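> Letter by letter, the chains look like this.
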Amino acid sequence: MSEFKALDGTGAVAEAMRQINPDVVAAYPITPQTAIVQTFSEFVADGLVDTEFITVESEHSALSACVGAAAAGARVMTATSSAGLAFMWEILYVAASNRLPIIMTNVNRALSAPINIHCDHSDSMGARDAGWIHLFCENAQEAYDTVIQAVRIAEHPDVLLPVMVLFDGFITSHAEERVEIFDDAWVKAFVGEYKPKHSLLDLDHPVTYGPLDFTDYYFEHKRQQVEAMRHAQKVILDVADEFAKTFGRKYGLFEMYRLDDAEVAVVVSSSTAGTARAAVDKLRAQGAKVGLLKPRVFRPFPAQEMVAALQHLKAVGVMDRAISFGSMGNAGPLFLELAAAMKIYDAGVPMADFVFGLGGRDIVPSQIEGVFRSLLQIAETGKVSELVSYVGVRE
Amino acid sequence: MATKLNLKELSKREDRLAPGHRLCAGCGAGIVVRQILAAIDEPVVLANATGCLEVSTTIFPYTSWRVPWIHNAFENAASTMSGVETAYRALVKRGKIPEQNVKFIAFGGDGGTYDIGIQALSGALERGHKMMYVCYNNEAYMNTGIQRSSATPLGANTTTSPAGKVIPGKMQPRKDLTAICAAHNIPYVAQASPHNWRDLMEKARKGVAADGPAFLNVLSSCNRGWRHDTSTTVEVMKLATETCVWPLYEVENGVWRLTYKPKVKKPVTEWLEAQGRFRHLFRPENQYMIERIQADVDGKWERLLKLCGEA
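Residue numbers (the working numbering), protein chains in the order written: chain A, 5 to 399; chain B, 80 to 390.
Just so you know, the hints here were simulated from the structure itself, not pulled from any lab data.
Check before you lean on any hint, since a few could be wrong.
Think about it this way: if two alpha-carbon atoms lie no more than 35 Å apart in a straight line, the pair counts; the simulated DSBU-like pairs of lysine-lysine are [unchecked claim]:
1. B:K342 with B:K172
2. A:K286 with A:K201
3. B:K91 with B:K379
4. B:K87 with B:K317
5. A:K254 with B:K87
6. A:K249 with B:K209
7. A:K201 with B:K175
8. A:K387 with A:K226
9. B:K244 with B:K87
10. A:K201 with B:K209
11. B:K209 with B:K83
12. B:K340 with B:K209
13. B:K317 with A:K201
14. A:K286 with A:K254
15. A:K226 with B:K285
16. B:K91 with A:K192
17. B:K87 with B:K172
18. A:K201 with B:K172
19. B:K175 with A:K249
20. A:K9 with B:K175
21. B:K285 with B:K172
22. B:K342 with B:K244
23. B:K175 with A:K238
24. B:K317 with A:K199
25. A:K226 with A:K293
26. A:K199 with B:K340
27. A:K192 with B:K87
28. B:K172 with B:K345
29. A:K9 with B:K83
30. B:K175 with A:K192
31. A:K201 with B:K379
32. A:K199 with B:K83
To list a few chain A residues with every Cβ distance to chain B over 12 Å, as calculated [to be verified]:
33. R79
34. S116
35. H209
36. P210
As the structure is a computational prediction, the values presented were derived from the model and not from experiment.
Here a beta-carbon is modelled for each residue, glycine too, at the ideal position from N, C-alpha and C.
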């Protein structure tokens, strides 16, 4: 059972949170995330949830309180954006290393300076090595579905890692869409009860959380985090399967669109994937063999699976909504990671990076068509003249 | 019935901070923590800011804590404990765990409390979490090697306020964090010192019994930084109170009260002389600093007496 509602991305996530009814939410306002916690506050004020909501004085304290509450055995959620995520940075590592299954929606927004409230991916990309699972969502529906799945992924005993659910600021967070909202009871049944193994509130079995490791143990603890991240991929897929059986919509590590018989493809996540789909359709109608791969799971990075999906192509273009300043070619993080994977697994496909949309700069179908035309040229010549180019910038 | 605060009864209790921790000989922090935890009969859950107490008690795979304990980071013991305390209320409300009158206590040094943690502390106090925050105040960043904090007293020689040829140590008096916490209008705020153990233990009891946040600012000698013999910890802290450098008082529901008044207010030189960190002040060219310190202490003491209705 479900019903369709007109919701923006923040409203859809707030609905998921209402249905999950977590024990504790700690959050701080920041544009464009604010609407999530504002809407959730209304649910608290109206008694639609019985969550304890901590209105902290900063994002640093938001995640710090989440760490405390999760260590105390509570199911915990928060939300942030941009500078808020950056301010949490220190505690992102603490949450992951203490293996606390915290769920955080990060509405992707550019980092200062200059201050800019609009979308790009520099915030979450900056936190990509912190030990969190990163799940990108294209639209409000995916955001809603993914928050529900995130609970199961994070709390799985083979994983026990925090999860970031990511979608585009304003484009997804503030655009109303038709969103299928499932029955409360179904969602509650799907997420189940959280039964923590080690809780600060288990007074008969006192635990010490967050001790000091010297050179003799720190490395092993980091190594264990690697195992958790390795297990995460299977769990993400298992949870997606169960979600598909229960609710009907199917999710994987990434989505492929007209990729099987394509000669060139664009790899782009989040809302821009929707724009890219339109560009694919238009070019296909003109006879060009183009396709799309939309990454969903960025951490753990599905390197082999992506390579398997892309190795038949004659050219691959990655579209990055962030820059890894000073990296090879000043490319974006998605390109760097995928280029490494393609090389390691001998794909031998020419690749180029197309940085776009920083600070919310619009990206329109004709620009993505331009990306495809560049890729078709690369496919024809086998030569990449520009490793990294910038789409829609005034040079 | 609460356990009587006499040594015979208290010595029968098992320490919640087990022996074998690696705090220095003569360290005040261990004394402070043991006195506070011995005063409380109820179950406790503890949070600890990064600092000496944290690193000395939880060197993996060992822990000195016989009670639940969490360390998160340096600046966030208050917000971490906010989360723990809130989780407790949430889980009790939902019937997932039993109501057990658990007391939530956060410990932080002065660096983690006066400086880097003041925002998290202020936020937690304003939100009204039922928790007690204890600052074990050794008046500098001792864990990193004796750097000045905003709790470091005027004139002290530290590694970042060294007594040099032209600057004689720290040139600013300490921040009055106890008064700042009192200004949050929380139910209980107190300043204490473990040399007066009964006073500290009574304050700890009042703190955890308060219907809301409590803050204890507890003097805690670090002989490595204060430069005194390991055997004189308690005497040096007592001198801080006898000279009115560290008055013992409480603010209970807005009412200020001295809990100890020296019969004779000793000159600050007695406290200064007892510690190597002030040795340079006794050079003739630094005499003005001693006068400044005495004037600062006198002014604050007079103001405190007024607040406590004693003047």
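> Now look at each hint and say whether the structure bears it out.
Hints, one by one, checked against the model:
no.	hint	verdict
1	B:K342 with B:K172	50 Å, violated
2	A:K286 with A:K201	53 Å, violated
3	B:K91 with B:K379	40 Å, violated
4	B:K87 with B:K317	23 Å, holds
5	A:K254 with B:K87	68 Å, violated
6	A:K249 with B:K209	44 Å, violated
7	A:K201 with B:K175	14 Å, holds
8	A:K387 with A:K226	41 Å, violated
9	B:K244 with B:K87	52 Å, violated
10	A:K201 with B:K209	25 Å, holds
11	B:K209 with B:K83	24 Å, holds
12	B:K340 with B:K209	30 Å, holds
13	B:K317 with A:K201	46 Å, violated
14	A:K286 with A:K254	25 Å, holds
15	A:K226 with B:K285	42 Å, violated
16	B:K91 with A:K192	49 Å, violated
17	B:K87 with B:K172	39 Å, violated
18	A:K201 with B:K172	20 Å, holds
19	B:K175 with A:K249	30 Å, holds
20	A:K9 with B:K175	33 Å, holds
21	B:K285 with B:K172	25 Å, holds
22	B:K342 with B:K244	38 Å, violated
23	B:K175 with A:K238	30 Å, holds
24	B:K317 with A:K199	49 Å, violated
25	A:K226 with A:K293	44 Å, violated
26	A:K199 with B:K340	52 Å, violated
27	A:K192 with B:K87	54 Å, violated
28	B:K172 with B:K345	53 Å, violated
29	A:K9 with B:K83	63 Å, violated
30	B:K175 with A:K192	16 Å, holds
31	A:K201 with B:K379	51 Å, violated
32	A:K199 with B:K83	39 Å, violated
33	R79	9 Å, violated
34	S116	20 Å, holds
35	H209	9 Å, violated
36	P210	5 Å, violated
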